[in-house]
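Could you put the whole structure together from the sequences, leaning on the hints where they help?
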Amino acid sequence: MDNLSKDLLEEILSRVPTTSLRKVRSTCKKWNTLSKVETFTKKHLAQSPPPRTSKDEILAIVLINCSLRLMSVNLNDFDHPSIKLTGTLISLNSSDKLDITQVYHCEGLLLCVTEDYARLVLWNPYTGESRWICVDHSKYAHALGFEEGNPCRAYKVLRFAHHVHEIYDSYFEDEVTLSNVGEEQLAVLFQNLDTYEMEVWVTTKVEPNGVSWSKFLAVDMSPLTWFQFFTGGSFLIDEERRVVVVFDGDKNVSETSRNIAYFIGENDYFKEVDLGEVTTCEVFPHAFSYVPSSVQIN
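Numbering (this note's numbering), first residue to last: -10 to 287.
Simulated from the structure, these hints should not be mistaken for lab results.
Be a bit skeptical, because a hint or two may be false.
To be verified - Listed below are the simulated DSBU-like cross-link pairs for lysine-lysine, each with C-alpha atoms no more than 35 Å apart in a straight line:
(1) Lys240 - Lys128
(2) Lys12 - Lys32
(3) Lys128 - Lys(-5)
(4) Lys19 - Lys(-5)
Rendered as structure tokens:
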């Protein structure tokens, strides 16, 4: 192998499955360096199977119990949907578990907030590149994005404190949650507290001065009078099946709380998939669709 040219070595290693890239990088320094070069990552992404391996399967990153997990949401069997653990995203150069309380994403990059709120981690799980950012211990909200129109595509981290701007006498418990559909569209889920009706809207146009929306799904949840999302839920949508997958807590009162994925669609379609016991009360399940990216972190 030492006698192979760089181009030939790159051609060979670019055919390695994505799930084996970690082993490639840990083999030697030469391979680790090569696997993070932009030409290699672009070639490997072109060789790899698409992240949506079938028309009924979605690749997602899910934050559960302070752990980031790569999961495959499968609707091949519409009557028995499943969610399969593909991998646990541990690692920033070690096998130690990394406790995460918040995660944000943009074009394959993740911005993770550690459990002690003292550090941020900008991370590309595909290339393995990361950058640590030390901050104070205050609990801030964050966002990850880039300046539109900048050819260098410089990514920015927005950090801001929560402040109360206005105080009202009444309190509403309607649930509103924002999500993404790929990298180009937004989706919003709304559930009315009084009627339990749930609506999901998807953007048809996103511009600096305005956003246009189209109703994707409307479901009357009143037959399940106990069913109200605790957290607003994070969610994914399957446009072809017209199904929304909501990640939230168990609605049944029991001694042991569970993380549940709810599959909701037209014609009274309603299924549940158990994602395991809740081991921390501070972090609700959070999910978003994931597409591997060759974006470099400077």
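Legend entry - Unmet hints by their number, sorted upward, for this structure: 3
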